[in-house]
Amino acid sequence: MRKVFVKFYSGGMQRRLEIARGLMHYPKVLFLDEPTLGLDAQTRHRIWDYIKRLNRAQKVTVVLTTHYMEEADFLCNRVAIIDHGKIAALDIPNNLKKMIGEDVISLQVSDGRNFLDIVTKNGLIRTLSARKNALPEHTNAIKKAHLHDDLLILSVEDGETMIPRIMRCAHEEGVIVHAVSLRKPTLEDVFLHFTGRTIREQEAGAKEQIRMKAKAGMRMGGGRR
Numbered sequence: 010m011r012k013v014f015v016k017f018y019s020g021g022m023q024r025r026l027e028i029a030r031g032l033m034h035y036p037k038v039l040f041l042d043e044p045t046l047g048l049d050a051q052t053r054h055r056i057w058d059y060i061k062r063l064n065r066a067q068k069v070t071v072v073l074t075t076h077y078m079e080e081a082d083f084l085c086n087r088v089a090i091i092d093h094g095k096i097a098a099l100d101i102p103n104n105l106k107k108m109i110g111e112d113v114i115s116l117q118v119s120d121g122r123n124f125l126d127i128v129t130k131n132g133l134i135r136t137l138s139a140r141k142n143a144l145p146e147h148t149n150a151i152k153k154a155h156l157h158d159d160l161l162i163l164s165v166e167d168g169e170t171m172i173p174r175i176m177r178c179a180h181e182e183g184v185i186v187h188a189v190s191l192r193k194p195t196l197e198d199v200f201l202h203f204t205g206r207t208i209r210e211q212e213a214g215a216k217e218q219i220r221m222k223a224k225a226g227m228r229m230g231g232g233r234r
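Just so you know, the numbering used here puts 149 at position 140 of the sequence shown, and the rest follows in order with no gaps.
Treat the hints loosely; a few may be bogus.
20 Å max Cα-Cα, derived EDC-like pairs, lysine to aspartate or glutamate [what the hints assert, rightly or not]:
no.: 1; residue 1: LYS106; residue 2: ASP167
no.: 2; residue 1: LYS107; residue 2: GLU181
no.: 3; residue 1: LYS152; residue 2: GLU166
no.: 4; residue 1: LYS95; residue 2: ASP167
no.: 5; residue 1: LYS106; residue 2: ASP58
no.: 6; residue 1: LYS107; residue 2: ASP120
no.: 7; residue 1: LYS107; residue 2: ASP58
no.: 8; residue 1: LYS106; residue 2: GLU79
no.: 9; residue 1: LYS106; residue 2: ASP126
Quick list of simulated restraints, FRET-style, between CB atoms [said to hold, decoys possible]:
no.: 10; residue 1: LEU73; residue 2: GLU169; range: 41 to 51 Å
no.: 11; residue 1: GLU166; residue 2: HIS34; range: 23 to 33 Å
no.: 12; residue 1: LYS12; residue 2: VAL113; range: 28 to 38 Å
no.: 13; residue 1: PRO173; residue 2: LYS16; range: 49 to 59 Å
No lab work stands behind these hints, which were simulated from the structure alone. For glycine and all other residues, C-beta sits at the position ideal for the given N, C-alpha and C.
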């Protein structure tokens, strides 16, 4: 590869070369601007692993900008959401996700209306706290509950520990649970919460501005001719 021009390298090779150039003087702080933009998933993960090793093994502080929320979640100890040049939120990823809402448990049940009544009228929180071995710190775990067809949606704190308690309660009430899933807030949700738009919408807006500027430049160039 020594005799090949860099412009003929693959995208992944060019990204690796950029990182290598930044490390030639053994920096204490490394700035990376969208280091995996446009790369395939396999190459992206290899670069993620390399950045992780740099940070841990060589104690290099890495500051990076990215539009990939999963990249920020995987790599960063602290994440800043920047909107119109201002920091809208700054914290560790888990704290940011906790700021915008609870975990969501979806239950497909045999008698959703009855189980929803148990949750809302009798209070599943109180039902659980009255059960044997229920932990007092979970007495305020369920925040919201609503039924959509046969799907019961529960907004809870600490979803992993709540699922076994909900399943036990359903069993004791004679409600059959056909399926259960847990969804946690993502950094994409955090970005949307603080900026009012998704990453894709922001990128689309930026691209449209670039196209508008390019068209304006072409018109100006045509006028001078």
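Results of checking the hints against the structure:
1. Among the hinted pairs, LYS106 with ASP167 is consistent with the structure: their alpha-carbon atoms are about 12 Å apart, no more than 20 Å.
2. In summary, the hint linking LYS107 to GLU181 is not supported, as the alpha carbons are separated by about 31 Å, beyond the 20 Å threshold.
3. For a cut-off of 20 Å, the pair hint linking LYS152 to GLU166 stands: about 8 Å separates their Cα positions.
4. A threshold of 20 Å between alpha carbons decides the hint, and for LYS95 with ASP167 the separation of about 31 Å lies outside it, so the pair is violated.
5. Annotation: proposed proximity of LYS106 to ASP58 is violated, straight-line Cα distance about 23 Å (limit 20 Å).
6. Our distance criterion of 20 Å between C-alpha atoms is broken by LYS107 and ASP120, whose separation comes to about 31 Å.
7. Restraint check for LYS107 and ASP58: the C-alpha separation of about 26 Å exceeds 20 Å, so the hint is violated.
8. Proposed proximity of LYS106 and GLU79 is supported: the alpha carbons are some 13 Å apart, at most 20 Å.
9. Taking the CA atoms of LYS106 and ASP126, the gap is near 29 Å; set against the 20 Å cutoff, the hint is violated.
10. Distance hint check for LEU73 and GLU169: the Cβ-Cβ separation is about 30 Å, which falls outside the suggested range of 41 to 51 Å.
11. In this structure, GLU166 and HIS34 break the distance hint of 23 to 33 Å, their C-beta atoms being roughly 47 Å apart.
12. The given range of 28 to 38 Å is broken by LYS12 and VAL113, whose C-beta atoms sit roughly 55 Å from each other.
13. Under the hint 49 to 59 Å, the C-beta atoms of PRO173 and LYS16, about 57 Å apart, fit the expected range.
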